[in-house]
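Can you make the complete structure from the sequences, with help from the hints?
Chains as they are written, first to last, in this note's numbering: chain A, 1 to 365; chain B, 1 to 310; chain C, 1 to 264.
Since the hints were derived computationally from the structure, they do not count as laboratory data. There's no promise every hint is true.
As the list claims (entries may be wrong) - Dumping the calculated EDC-like pairs for lysine to aspartate or glutamate here, alpha-carbon to alpha-carbon at most 16 Å:
hint: 1; chain 1: B; residue 1: K207; chain 2: A; residue 2: D58
hint: 2; chain 1: B; residue 1: K30; chain 2: C; residue 2: D91
hint: 3; chain 1: B; residue 1: K30; chain 2: C; residue 2: E161
hint: 4; chain 1: B; residue 1: K29; chain 2: C; residue 2: D91
hint: 5; chain 1: B; residue 1: K117; chain 2: B; residue 2: E206
hint: 6; chain 1: A; residue 1: K364; chain 2: A; residue 2: E245
hint: 7; chain 1: B; residue 1: K95; chain 2: B; residue 2: E175
hint: 8; chain 1: C; residue 1: K89; chain 2: C; residue 2: E161
hint: 9; chain 1: A; residue 1: K249; chain 2: A; residue 2: E259
hint: 10; chain 1: A; residue 1: K294; chain 2: A; residue 2: E269
hint: 11; chain 1: A; residue 1: K78; chain 2: B; residue 2: E175
hint: 12; chain 1: A; residue 1: K332; chain 2: A; residue 2: D277
hint: 13; chain 1: A; residue 1: K364; chain 2: A; residue 2: D277
Said to hold, decoys possible - Across the chosen pairs, the derived CB separations fall in these ranges:
hint: 14; chain 1: B; residue 1: N200; chain 2: A; residue 2: D24; range: 54 to 60 Å
hint: 15; chain 1: B; residue 1: L87; chain 2: C; residue 2: P130; range: 36 to 42 Å
hint: 16; chain 1: C; residue 1: L249; chain 2: B; residue 2: N200; range: 39 to 45 Å
hint: 17; chain 1: A; residue 1: R19; chain 2: B; residue 2: V295; range: 54 to 60 Å
hint: 18; chain 1: A; residue 1: S14; chain 2: C; residue 2: L167; range: 55 to 61 Å
Keep in mind the model is a prediction, meaning the values are calculated, not measured. A virtual CB, placed ideally from N, CA and C, is assigned to each residue, including glycine.
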Amino acid sequence: MQALANDVEIRGVSKRIGRNVILDGIDLEVKQGELLTLLGPSGCGKTSTLNVIAGFLDIDQGDVFIKGRRMTNVPAYKRGLGMVFQTYSLFPHMTVYENLDFGLSLRKVAKDEKKRRIQTALELVKMTGLENRYPRELSGGQRQRVAIARALVVQPTLLLLDEPLSNLDAKLRHELRAEIKRLQKEVGVTTIFVTHDQEEALSMSDRIVVMNKGKIEQVGTPTEIYAHPRTEFVFQFIGKSNQLEGTVKSLDSRMIRVELADGGQVLVEAENVMGADRSCTAGDAVKLYIRPEKLAIQAAGETPHNNSHAATIVQMNYLGSAWEIEVSLLGKRMQVLRPSVEAGWTIGTEVMVGWNPSDMMIVKK
Amino acid sequence: MEPVRYDDRQEIVSLPLQPAAAKKRRNWKKHLYAALLLLPLLLFIIGFFVVPMLYILYLSFIETKGEAGAIYSIGNYVRFFTDPYYLHSLWLTIKVSLYTVIVSLLLGYPVALTMAKCSPRVRGLLTLLVASPLLISIVVRNFGWYLLLLPNGTVHQLLESLGITQSPPKLLFSETGVVIGLSNAYLPFMILSIATSLYNIDPSLEKAAAILGAGPFRSFVSITLPLSLPGIVSGIVLVFSMSMSAYVTPALMGGANVPMLPVVAYDQIINLLRWTYGSAVSYVLLGITLVIVTVFTRMMERGRYREVFR
Amino acid sequence: MKVLGKLRAAIAFLSLVYILIPLLVTIPASFTSASYPSFPPHGFSLQWYSKLLERPEFVEAFWNSVQFAFLAAFFSVLLGTLGAIAIAKYDIPGKSYLVSLLTSPLTVPQLVLGIALLVYFTPLLLAGTPTGLLIAHIVICVPYVVRFVLTGLSGFDYTLERAAAILGASPLTVFRRVTLPLIRPAILSGALFSFLTSFDNVTVSLFMISPGMRTLPLEIFSNMQDAYSPIVASVSSVVIIISVVLILLLEKIHGIGRLLGSSH
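Quick look at the structure:
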C-alpha cells in the first residue's frame, strides 16, 4: 500500500431516489489535513455526498475510498469517522462527560486514557468545567462546541460537519466559524464541511467544491472560486453579479471583443470564458458578468479604465461600510460597490463607469 | 360624551375617554356569554359525576343504617383488609394486571418500533389497524377469543390435529385466559403510547450514535430505549390501571375461577345489594391503583434516566 | 444484527395478528351451517343472520343501542362543544383545572362510575330507567367531545371573528359562519366517537339497566354467558361491520391516530 496524500477518494458516485437524481457521477479527492467545503443551494447534493462518505446513504454506482480502504458494504458504525450535525444531536439523557465518553467506551479505551482525552477535548473547545451539565442546560453555541468535542475525542479519520452553524444566530456563527478553523488546523484532522452560506465557505476553507443539482460545478481554492469561476452557476452563486449581453465581434488568444446590444464595445480577457468547453467564436451570443466591487466609478469626463462607459446614477444605498450605487449603463442597471461617494453625487448625476478586462467573465448563451 | 376635537391642522388632539361604566357593561356581557355556554356542561358533570362519586365515598364510611341513623366509621375498609377472601382477590387483581402489563410491553414495543421506522403512509395504516379495535365493543372481542379458546375451539382443534394433545388446554376460565383477554384489549394503548415517544426522538441522535461506533443493538439499548422511557411508563400506567378495574373481560374470560376485584365488587352491589361495602371496595380499588401507579412513576422519574422525563 | 431486526418484525407482525384475530375469526364463523359456533366454520349458510331477524330481543336491543347512541352523541356534542368554545374563547380563571374536571370521567374506571350512578340514581328514581342510562352514556362521551373541540380550537385565530364583527355580523352569525365551519371536523369526530362509545358500552350500562331494557352489547354479554350459539357470531359480526364503517368515516374526517394520541 503506497502512502496516499488523499484521505478520501470518491469515484463516479451516482445515486437516485425514485425519479430524482441525487448524485450524478461525483468524482472527488480530499487531501490529508485539509478543510474542504461542499457548497451549494439546497438540493444540490452536498449533504447527500456527506452522508455517502459517512455511510448513511447507499450508492447506486461508483466507489468510495477512505484512507485507501473501500467503503462499500462497510456500515457507518464501522468507519471510525466523526460527525457534527445541524441539530447538535447531543444525547439529551447524558451529561457532557457521558456524551464524550460514549464513543470512547465503545472503543474500549482504558479509564485513565478516557479521562485524559475527554479533558483535552473539552479544553480544545473551551468547555472545561461543564462536564456534569446536561445538554438542555447549555446554550446553542455551547452545545455545538460539545458536539465538536465529542466527534474529535475518538480521534476520527475524518471530521464531517453538516451545516453545523445554520441553527445559530449571526454573531455566534462568526465566532464559531473562526473557532472551527483554528481547531481544525490545531488538530490537523481532514475535515469536510457542508454549507449553503458562501461567506462561510470562502472564509474557512482550504478548498471549495461548488455543487449544483447533483453535479460538481467547480473545485478550487476560495480565490479561484471567487475570482475565476468556471461556470455561470458558480459566478452567480458566490457573491453578487452584474450582467450584460452582447455578440462576439472578434477574438485572439489574449482578448475577446464583444459588441453590446446597444452598440458599445467591451474587451474581455480570453481566459475568462466560463462554461463546459471554455471557448467561443466570432458571432456567438454571449452573457457578460462582473462583480460590483470590480466596477470603478468616476466623475464624468475622467476615464477610469479601458472599458469605460457613460452612466447615470439611479439609486444610492448606504450600507454603513460602503455605498451600493445603482447606475444605468448601456441600457442596463448595474450595481457598483464603492467605499465612499463624491460630494454632489445624487440621483441623475452623470458618471463614468469602467473595469478591467481581466475582471469580467464571459459565457456563451 | 365629548366629541372628538381637531386642531387647526385637522389633527386629532383628543379622543373622548371611555366612561368606566360602558367598559364594565361590556365585560359583564362577555362573562354572561361565557357562563351561558359553559354552565350546562359544568352543571351536568358536577351533578352527574362529581356528586355521585362523592356520594359513594360518603357511603363507604357508613357501616350500617340502624334505626337511630347511620353509623360512620372505617369499618367497611377494615372489613376489606382483614378478610382473606378480599385480600386474595386484590392480590389476584394486581398479579393479573402485572402479567398483562408485561405481555403488552413485550408484544407492543416491537410494533411501536416498526411504526416509528416506517414511511408516513404505512404508519397511518398501522395506526388505523392498531387503534380500530378500541372502538369495537369489548364483548365482541371477547367472543372471538371464545371461538378460539373454548374446548373444541380453534386452538384445541389445531393442537389435536398437530398431534400435540388430546385434552383441551386450560386457557379460558383461568388466569391465563384473563391475561390473554386483557392484553389483547389494551395492547393498542401500550403501542400508541410508546410509538408517540419514539416519534419524538430526534432521528439524528441515532445517526450520531452510529458514527461514534454504536451498532444497531447498542444504539437501541443506549439511545432509543432510554429516550422512549416516558412512553413506556405512561403505557404501563395506562394498561395497569385499566386492567385493575376491568370487569367484562375478567368476567367472561375468567368467570368464577378468577375472582378479580371488579367482579367481586359487581357481585356485592348488584347481587348482594351491599351498597356501602361495595362503595368501599370501589374506593379501595381506586386507592390501591393510584398508590401503585404513583410509586412506580416516582421511581422512574427519580431513577437513573430521570433526565428523559424533563 | 440483522437477526434482531427480523425478530422485531416477526414479533410486530404476530402482535398485530394477535390484536386483530378475535375480530377476524368472528365474521367467518357467523356463516356456519352447524348449530354450534366454531372457527373455521362448517359449511356455509346465512341461517344465523335470518335467525337474528327472527329474534325480537336482538332486534329490539339493536334499535335501542342505536337510539341511545344517537341521543348520547347529540347531547354530548351539544354540551361539550358549547363548553369547549367557552373555555377556549374566554379568560376563565383556573382554566386548566376546569378542563381536568370536565374530562375527569375518562380517568375513573367504568366499574366505579357504574356503582356511583346506580347508588345515586336510586333515590332520584332514575335507576334502571332509559333516562338514567342515557345520562350515564353522556357522562362517558362528553369528555371526548370537549377534548376534540378544544384541540380543534387551539390554533384558532380569533381575529377572524373580529374581522367578521367589524364587517357587521352579529355574534350568532359570526358563530354560524366563521367559528362553526372551522371546528366542524372536530365536532363530527366527537359525534362519531361518542356514537361508537355509547353503542359499544357494556360496563356502565350493566349498572344502569333493569330487566326488559336491552342494549346490543349487553345481549351479546348475556348470551355469551348462558346461551352460547352461532347467533352470537352473527350479531357480533353486525356490530363489527357497523363499527368498521364508522371508524373508516372517522379516519377520513380526522385521522384516528391523532384523536387517540391526544386523548391519552
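- Message: Run the distance test for B:K117 versus B:E206: straight-line Cα separation, threshold 16 Å.
- Response: holds (12 Å)
- Query: If you draw a straight line from the CA of B:K29 to the CA of C:D91, is it 16 Å or shorter?
  - Reply: The given pair, whose Cα atoms are some 13 Å apart, holds under the 16 Å limit.
- Message: Next pair to validate is B:K30 with C:D91; report whether the Cα-Cα distance is within 16 Å.
- Response: holds (10 Å)
- Would the pair A:K364 and A:E245 pass a check requiring their Cα atoms to be no farther apart than 16 Å? This hinted pair holds, its Cα atoms lying about 10 Å apart.
- Task: With 55 to 61 Å as the target window, see if A:S14 and C:L167 comply at their CB atoms.
- Result: holds (58 Å)
- Message: Can you confirm whether the C-alpha distance between B:K207 and A:D58 stays at or below 16 Å?
- Response: holds (14 Å)
- Is 54 to 60 Å right for how far apart the beta carbons of A:R19 and B:V295 are? With a Cβ separation near 56 Å, A:R19 and B:V295 satisfy 54 to 60 Å, so the hint holds.
- Compare the distance between the alpha carbons of A:K332 and A:D277 with 16 Å, and conclude whether the hinted pair is satisfied. Violated - the C-alpha atoms of A:D277 and A:K332 are around 28 Å apart, more than 16 Å.
- Query: Hey, A:K78 versus B:E175, does the alpha-carbon distance stay inside 16 Å?
  - Reply: violated (48 Å)
- Message: Check the hint pairing A:K364 with A:D277 against an upper bound of 16 Å on the C-alpha distance.
- Response: Given that 16 Å is the threshold and the Cα spacing comes to 10 Å, the pair holds.
- Task: Measure nothing beyond the straight line between the CA atoms of A:K249 and A:E259; if it is 16 Å or shorter, mark the hint as holding.
- Result: The hint holds at about 6 Å.
- Item | Consistency of beta-carbon spacing, C:P130 to B:L87, with hint 36 to 42 Å | Roughly 39 Å apart at Cβ, these two residues keep to the hinted range, so it holds.
Of the numbered hints stated above, those contradicted by the structure are hints 11, 12, 14 and 16, listed in ascending order.
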